[in-house]
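Protein chains: 2
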Amino acid sequence: MAVYTDINEVDLKAFLAQYETGDLLSFKGIAEGVENSNFLLHTTKGALILTLYEKRVEKTDLPFFLGLMHHLADRGLNCPLPLPRRDGALLGELSGRPAALISFLEGMWLRKPEANHCGAVGRALAEMHLKAEGFALARPNALSVPGWQALWAKAKDRADEVQPGLSEEISGELELLARSWPESLPAGVIHADLFPDNVFFIGDALSGLIDFYFACNDFLAYDLAISLNAWCFEKDGSYNLTKGKAMIEGYVAVRPLSDEELAALPLLARGAALRFFLTRLYDWLTTPAGALVVKKDPLEYLRKLRFHAKAQSAADYGLFV
Amino acid sequence: MAVYTDINEVDLKAFLAQYETGDLLSFKGIAEGVENSNFLLHTTKGALILTLYEKRVEKTDLPFFLGLMHHLADRGLNCPLPLPRRDGALLGELSGRPAALISFLEGMWLRKPEANHCGAVGRALAEMHLKAEGFALARPNALSVPGWQALWAKAKDRADEVQPGLSEEISGELELLARSWPESLPAGVIHADLFPDNVFFIGDALSGLIDFYFACNDFLAYDLAISLNAWCFEKDGSYNLTKGKAMIEGYVAVRPLSDEELAALPLLARGAALRFFLTRLYDWLTTPAGALVVKKDPLEYLRKLRFHAKAQSAADYGLFV
Numbered sequence: 001m002a003v004y005t006d007i008n009e010v011d012l013k014a015f016l017a018q019y020e021t022g023d024l025l026s027f028k029g030i031a032e033g034v035e036n037s038n039f040l041l042h043t044t045k046g047a048l049i050l051t052l053y054e055k056r057v058e059k060t061d062l063p064f065f066l067g068l069m070h071h072l073a074d075r076g077l078n079c080p081l082p083l084p085r086r087d088g089a090l091l092g093e094l095s096g097r098p099a100a101l102i103s104f105l106e107g108m109w110l111r112k113p114e115a116n117h118c119g120a121v122g123r124a125l126a127e128m129h130l131k132a133e134g135f136a137l138a139r140p141n142a143l144s145v146p147g148w149q150a151l152w153a154k155a156k157d158r159a160d161e162v163q164p165g166l167s168e169e170i171s172g173e174l175e176l177l178a179r180s181w182p183e184s185l186p187a188g189v190i191h192a193d194l195f196p197d198n199v200f201f202i203g204d205a206l207s208g209l210i211d212f213y214f215a216c217n218d219f220l221a222y223d224l225a226i227s228l229n230a231w232c233f234e235k236d237g238s239y240n241l242t243k244g245k246a247m248i249e250g251y252v253a254v255r256p257l258s259d260e261e262l263a264a265l266p267l268l269a270r271g272a273a274l275r276f277f278l279t280r281l282y283d284w285l286t287t288p289a290g291a292l293v294v295k296k297d298p299l300e301y302l303r304k305l306r307f308h309a310k311a312q313s314a315a316d317y318g319l320f321v
Numbered sequence: 001m002a003v004y005t006d007i008n009e010v011d012l013k014a015f016l017a018q019y020e021t022g023d024l025l026s027f028k029g030i031a032e033g034v035e036n037s038n039f040l041l042h043t044t045k046g047a048l049i050l051t052l053y054e055k056r057v058e059k060t061d062l063p064f065f066l067g068l069m070h071h072l073a074d075r076g077l078n079c080p081l082p083l084p085r086r087d088g089a090l091l092g093e094l095s096g097r098p099a100a101l102i103s104f105l106e107g108m109w110l111r112k113p114e115a116n117h118c119g120a121v122g123r124a125l126a127e128m129h130l131k132a133e134g135f136a137l138a139r140p141n142a143l144s145v146p147g148w149q150a151l152w153a154k155a156k157d158r159a160d161e162v163q164p165g166l167s168e169e170i171s172g173e174l175e176l177l178a179r180s181w182p183e184s185l186p187a188g189v190i191h192a193d194l195f196p197d198n199v200f201f202i203g204d205a206l207s208g209l210i211d212f213y214f215a216c217n218d219f220l221a222y223d224l225a226i227s228l229n230a231w232c233f234e235k236d237g238s239y240n241l242t243k244g245k246a247m248i249e250g251y252v253a254v255r256p257l258s259d260e261e262l263a264a265l266p267l268l269a270r271g272a273a274l275r276f277f278l279t280r281l282y283d284w285l286t287t288p289a290g291a292l293v294v295k296k297d298p299l300e301y302l303r304k305l306r307f308h309a310k311a312q313s314a315a316d317y318g319l320f321v
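So the protein lines, in turn, are chains A and B.
Going by my numbering, the first sequence opens with residue 1, and the numbers climb by one from there.
Going by my numbering, the second sequence opens with residue 1, and the numbers climb by one from there.
Hints were generated in silico from the structure; no laboratory data involved.
Note that the structure is predicted; figures quoted are calculated from it, not measured.
Wrong hints could be hidden among the right ones.
Since the list gives no way to pick out one identical chain from another, each pair is judged satisfied if it fits inside one copy or across any two copies.
Derived DSS-like pairs (lysine-lysine); straight-line CA-CA distance at most 30 Å [as the list claims (entries may be wrong)]:
(1) Lys-235 to Lys-310
(2) Lys-296 to Lys-55
(3) Lys-55 to Lys-295
(4) Lys-13 to Lys-45
(5) Lys-156 to Lys-235
(6) Lys-154 to Lys-55
(7) Lys-296 to Lys-13
(8) Lys-112 to Lys-45
Here chain A stands alone, though its shape is the one from the complex (with noise of 0.2 Å):
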């Protein structure tokens, strides 16, 4: 949860009229997102939310994430639409922040999903991979293997102050993760981080993708991998067969998989353990004590990593039992 830049009222008002929104009614920072700052706005017309950059997101990469919400909702897919001030562009500036006003979507993230969630999520992430095609910015993925490296690097020599023997370990993950990635897949935009906070449900039905904003090129595999991992897992570390059986049925109902994709899937589902647990460990080590975010446990997504090492195939992760 977090608001990082309170906003006033004068500045508010005079960022708001540059916009053609109704008239203000009310604002109140919400406690969701972990990189920006969020306001959820009422105005005479309905409702917004406003976002407030945070240090954490590179400028020059907000084209990329505003250009591709302003694409994917243009095509159709129930996510948030920036909307452009008077001058036309999609980014402004509010105490001292670059700012984006975007649509807001109703809907609430489930802290319990089941099953025919996961399957709805499957089939969103196919859709979303399906509709960003043509979209004209790229942005590689620097969270892939050389961005690994890059953190474990900063993070090795202090890896066994969390578990004795996670040194050694993952940098053994890291070397065979490293030879053996694929070289080619079908690619594409990605949302690469597609964990239960940001896809919305009204009732049981999902009304909507949020966050694009770890959103770069990468495999379509992949993007599949990661939400396996952040959906099919039980709070007691097991995976559960049922719900990644309905997310990838969900996912291939729409946008088949190759037999190089689906034979890729447990690798492609280890990095994706490995990448989360490597900047859940540098967190973990370098956020001071005080600091307003709640850290994330490593240790969750090392439990993943070994059950993805032990995997054989796509069957293990619930396709074609």
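Following the hints, complete the assembly by docking chain B onto the known chain A.
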């Protein structure tokens, strides 16, 4: 800012089934209130606030707070209205916490209030005092002289850590205030915490008062003294006579102050400054470094206390100037 307790969609659905609300469309934890967890809900019938009462609020006080809001809203004060459940109760339970569903009040609190806003606050405070008449319940002010003494007993030994000499100065203040605190002045239900974040405006028009969780029975003019402290000092520590004059004149336009109340104003303001100094000092000394709460500087209220100690009459606050 605070969301101390998260809620899940399963428990929330069961909670809402006890009320006559529309269908739930979304809920967001909001970064307002330091005592409780607050969520902004959108339903097909409009917006609502869901409050989970955390342990700093005494559960036995909740009927007073919720009943007061109901009483005031019934009499036409713009304030949040607790919704009754189907069984008539104003209070339920969610995620192991006492919880209430409350009407959403549009408006925003001013980070940069001007004198005209202070005038509106004075009028609204007096209206609240008049409309609270006849409310059946009572709640003694736990933060009057005996409460200050109890807080000071717990903080005194460490006060000089915050600023050398503080222990002696505050002990003297407390003795003087205990000796000279008024024995009888017009009394009733006071808000007791009418800071800028508890007053909403739409444009320049006051749209309502919120957060009655410090409300109690005490001298009415003491409530005005609290608000003068909260609204009429500038960031540099100076008292703004124009704002003070506007607030007092706004108040007396609705509820005239007696000669005794006017004469007591410097002393009441001094006590109010000491009250906020002491709770801030106590929080400063006891809040752990890693807590999700921003600690407020007690010395801001030491400076205000010194201003009041020098004041001679209501004229020093802007009245009859």
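A quick look at each hint next to the structure:
no.	hint	in the structure
1	Lys-235 to Lys-310	within (19 Å within a copy, 61 Å between copies)
2	Lys-296 to Lys-55	both (20 Å within a copy, 25 Å between copies)
3	Lys-55 to Lys-295	both (18 Å within a copy, 24 Å between copies)
4	Lys-13 to Lys-45	both (16 Å within a copy, 28 Å between copies)
5	Lys-156 to Lys-235	within (27 Å within a copy, 46 Å between copies)
6	Lys-154 to Lys-55	within (20 Å within a copy, 41 Å between copies)
7	Lys-296 to Lys-13	between (37 Å within a copy, 27 Å between copies)
8	Lys-112 to Lys-45	between (33 Å within a copy, 26 Å between copies)
Of the numbered hints stated above, none is contradicted by the structure.
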